[in-house]
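Asker: Sequence:
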Amino acid sequence: MMLRAVAKFPRPLLLIGLISGISFAAQCLVTDDAVSFGFVGCRLWQFMIGTAAFYISKTSDNGYRLLVDEESQSEEKPEINPVWKKLWYTLTVGTLSLTVLLPFISETLVKDTSIATRLVSTALTGITIAFGAEATTILSVSPLISSILLYVGDISYSVYLVHWPLVILTKYLDIFNPYYAFVLTALIFALGIIQYTLFEKPLSKQSEKTMYAVILALNIACIVLLQNQTAIADALANPENYLDVNENLFTQCKNEIENQKQCKNPNLPWLAKRKHFVRFMCQYDGTGSLTVLLTGNSYSMRLYQSLVNSGKHKFKKLIVATSHTCVIHPKLTDVKDYCKDVADNLPQTLADVKPDIVIIDQRMWETKAFRTPLIDAKNDSAVAAMREDWAMISNYTKKIIIIEPAGGLPSKQDLLKPIRLNEADLSVYAVPLDKYKAEVDPGWDRVLKSVDKCPKCKTIGIRSHFCDRKSCAVYDTERRISLYCDPDHHAPTAIKRYMPSIVREIEL
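The sequence shown begins at 4 in the working numbering and counts up by one.
It is possible that part of the hints are untrue.
[Said to hold, decoys possible] Here are the computed lysine to aspartate or glutamate pairs in the EDC-like style, where the Cα-Cα straight-line distance is at most 16 Å:
1) K319 <-> D288
2) K114 <-> D36
3) K402 <-> E508
4) K459 <-> D359
5) K473 <-> D437
6) K461 <-> D428
[Unchecked claim] The calculated label-pair distances, taken between Cβ atoms and stated as ranges, are:
7) V113 <-> L164: 51 to 57 Å
8) L142 <-> V227: 49 to 55 Å
9) A193 <-> S150: 17 to 23 Å
10) P376 <-> M5: 40 to 46 Å
11) W87 <-> R14: 23 to 29 Å
12) A224 <-> C266: 48 to 54 Å
13) L104 <-> T34: 45 to 51 Å
14) V227 <-> M5: 19 to 25 Å
15) V227 <-> N251: 29 to 35 Å
Hints in this document: simulated from the structure, not taken from any laboratory.
None of these values were measured; they are calculated from a predicted model.
For glycine and all other residues, C-beta sits at the position ideal for the given N, C-alpha and C.
Sequences are here, hints too, so could you generate the full structure?
Answerer: Structural data, given as structure tokens:
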């Protein structure tokens with residue numbers, strides 16, 4: 004419909020420029036990657052640049068029908084000097100190739116210039132399209148290679164459309180790692196070619212009315228599927244014993260804590276003369292290259308196994324240093340002798356581990372310093388204390404990842420009761436958003452204010468994975484499974500939702 008509106012507009016390129024500008028600004032301003040890359044409004048500018056390129060080139064001999072009037076398509080454009088055209092085309096293709104290869108040259112450069120790199124590469128692609136299918140480089144290309152490149156160009160959009168759902172699926176299945184990279188790439192190209200051959204190419208040669216009819220039918224089908232996911236799942240899946248599923252989940256939660264009592268202990272010099280670390284000090288080996296320290300309280304104890312399962316391809320060694328109910332900030336920890344190892348002795352742990360990355364996940368709302376709302380960040384003692392701790396940790400590591408804590412539930416809440424009673428709507432047990440924020444925000448707001456002078460700090464918010472404008476989920480209502488191990492801690496079912504955001508940051 005948008006292409007139709009553009010085609011009917013008196014000055015289509017002006018409208019395309021306006022839409023592209025708004026869309027690009029939205030992608031730059033939205034900080035949540037799931038929205039900035041998943042929401043079509045934030046990605047529309049890239050499609051619009053391609054549309055503008057077609058309007059500029061107005062090629063009519065490629066077998067495709069553009070949604071513009073036939074008269075404009077039949078117009079001939081005066082040919083510019085062929086030598087200059089070849090030169091500019093060569094420079095454009097060369098610059099685009101260099102931009103695409105940048106991640107293989109310097110990942111840091113791409114991260115630091117991600118917005119500019121994305122804009123430049125998309126613009127160069129549009130310019131390349133605008134040159135037209137007959138454009139050639141200064142260096143001659145054999146007909147065979149030219150045919151192959153043309154075919155790759157033809158299927159590229161289908162491959163683009165196919166790749167993202169498959170990437171999301173592999174992340175959901177926890178197999179998005181280098182071991183499956185070749186299989187995933189081959190599958191993406193295979194499905195892209197099938198989609199192009201059986202659907203895109205035949206459809207592109209149909210009449211405008213046929214195109215719109217097919218697009219409308221597909222949109223209606225998508226809406227029907229999205230509105231009836233639960234019914235479809237119930238019809239296709241075998242009935243589950245949801246009580247057993249949840250009981251198995253709680254057993255898994257318990258075992259993950261118990262397993263830390265028999266874990267591999269890291270060989271740290273400062274602990275050589277002591278019997279043990281209070282409470283848990285564990286080492287887990289991975290297949291990556293980084294040394295990672297995960298520290299905090301029971302939240303880290305619940306996180307570690309999911310991190311091992313999803314991120315072992317990133318780290319060579321994961322050290323977990325935790326203690327129940329403690330925070331890692333010596334000046335803010337309530338008077339508890341068993342917190343000294345995780346808080347006061349943290350510099351010694353850092354000095355011995357020498358981590359590339361430090362991950363901090365800690366429950367904050369039980370600590371006195373984080374029970375009252377933040378009023379004045381400049382004069383808040385907790386903000387000042389945390390700022391000192393981030394500076395200290397920065398002396399020992401290259402990156403600090405701080406995870407937003409989750410909210411808790413009433414201490415006597417029976418998580419199995421709604422499952423036992425087979426209640427139809429588990430969403431009624433969701434925590435009101437204002438209650439969730441009253442518990443989490445005093446601590447998290449202080450964290451956000453305290454990292455303003457910490458260039459190595461990266462905060463990861465998690466509430467968007469559970470909360471809407473009114474409440475925060477306690478159960479996965481479609482799968483009828485708890486998101487909590489107990490009233491205080493997220494279960495692996497919940498951690499799985501935001502673990503990709505954590506694993507994505509485990510790199511330098």
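Asker: Can you name, in rising order, the numbers of the hints this structure does not satisfy?
Answerer: 6, 7, 13
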